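Here is what each chain is made of, one letter per residue.
Number of protein chains: 2
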Amino acid sequence: MPAHAFETYFPFWKDLTPEDRALLCENAIEEHFERSQPVHGNTGCSGLFMVRSGRLRIYILSEDGKEITLYRLHPGDVCMLAASCVIQSITFDVFIDAELPSDCYRISAATFGDVSERVPAVKIFALETAVERFSDVMWVMQQIVFMSMDTRLAIFLLDEARLEGSDTVTTTHEQIARHLGTAREVVSRVLKHMAADGLLKAGRGGITLLDKPALRRLAK
Amino acid sequence: MPAHAFETYFPFWKDLTPEDRALLCENAIEEHFERSQPVHGNTGCSGLFMVRSGRLRIYILSEDGKEITLYRLHPGDVCMLAASCVIQSITFDVFIDAELPSDCYRISAATFGDVSERVPAVKIFALETAVERFSDVMWVMQQIVFMSMDTRLAIFLLDEARLEGSDTVTTTHEQIARHLGTAREVVSRVLKHMAADGLLKAGRGGITLLDKPALRRLAK
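Protein sequence lines correspond, in order, to chains A and B. Sequential numbering from 63 applies to the first sequence in the working numbering. Sequential numbering from 63 applies to the second sequence in the working numbering.
Mixed in with the good hints, there may be bad ones.
The list cannot tell twin chains apart, which means a pair is met if one copy fits it or any two copies do.
What the hints assert, rightly or not - Derived lysine-lysine pairs resembling DSS-like cross-links, with alpha carbons at most 30 angstroms apart: (1) Lys274 x Lys254; (2) Lys282 x Lys128; (3) Lys76 x Lys282; (4) Lys254 x Lys128; (5) Lys128 x Lys76; (6) Lys263 x Lys76.
Just so you know, the hints here were simulated from the structure itself, not pulled from any lab data. Quick caveat: nothing in here was measured; it's all calculated off a predicted structure.
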């Protein structure tokens, strides 16, 4: 991997010795993931992912197959949670899938852990990246505990429309349910109410947002 | 505050200059909180709390008064989340109450932030402490999304019995509901079912756990 790519991901790049820069460059591999392909399971320590293109979804999964999305990673983002062996204080496991065809750089946990133990700025970067995700997860937690399902669905649909750059969101009720940690039946029922209120239209091609101002009011 | 107390809270103590040690000692104040007294609201930056005795509860609160407990702090613990101005990547606010009469040391965010900007080991400690709480919050998230209310209630009651050192948990249905982020009616209904199954007995003096092995099975 070319060194100049690292500068855009890592604010600590200037603090590294030439040897450590070379070590990271030599141990970064390029990986491609197809849409829906698993990037990381809950076991082991895949390392540190840097997203070059596409989108990754980070989620937790229960033994009986329930799941909820914690956050997504976009080009330029670095994912630390698949490198929990580097950060001892992370004692939970996440799953990562590619939501879109995605290109990543991956640095092995052993290499990154080695450098982060020697260079405080690297460790600080790793921890700060993890704490940023803590803030994302707290936002999800607030939605789950404090908001009704129609508010959460409105937030989700507006976010999706923004990400897709279209007022038609191409996703299934099942996928929405997995994002929001609920049952498909619940999603279908709320969407039906929203359609009856003229907020959206659900069809084969996806869900078309008809009244975004009203959805925004619902999302607060 | 005596310097020796700091050594037990701060693994970085040995890395500090005598000047920084003096700065932290001079800026640590002793505070006492009565049971149920607020320690920190969601606004501002109270600083860093070190728990000497008692117990603090960290929770989030919605505009309409719903809440859920994220975790508790015990003697020896350090709380970073009321010092979110020190850690820029924390963008959410929490509330803190004393659950028991509690003695704390508090260091102002300005003082601690000053030292943490100069000494990497201090910044690493602050971030690692925050990331540990991320793990606690993920455990709460898993309970909310993946577990039924009777499982969550069994976990809560067993934890409380352990904390109180007694099989009788002195708490109200309302308090349990606030801990678990649900309605009092839901707690009352589940407790009634559990009482009918002989798992516990709910009375004026609190909730007495009658069949802890069965509660443990329910808690998994």
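Which numbered hints fail | 3, 5, 6
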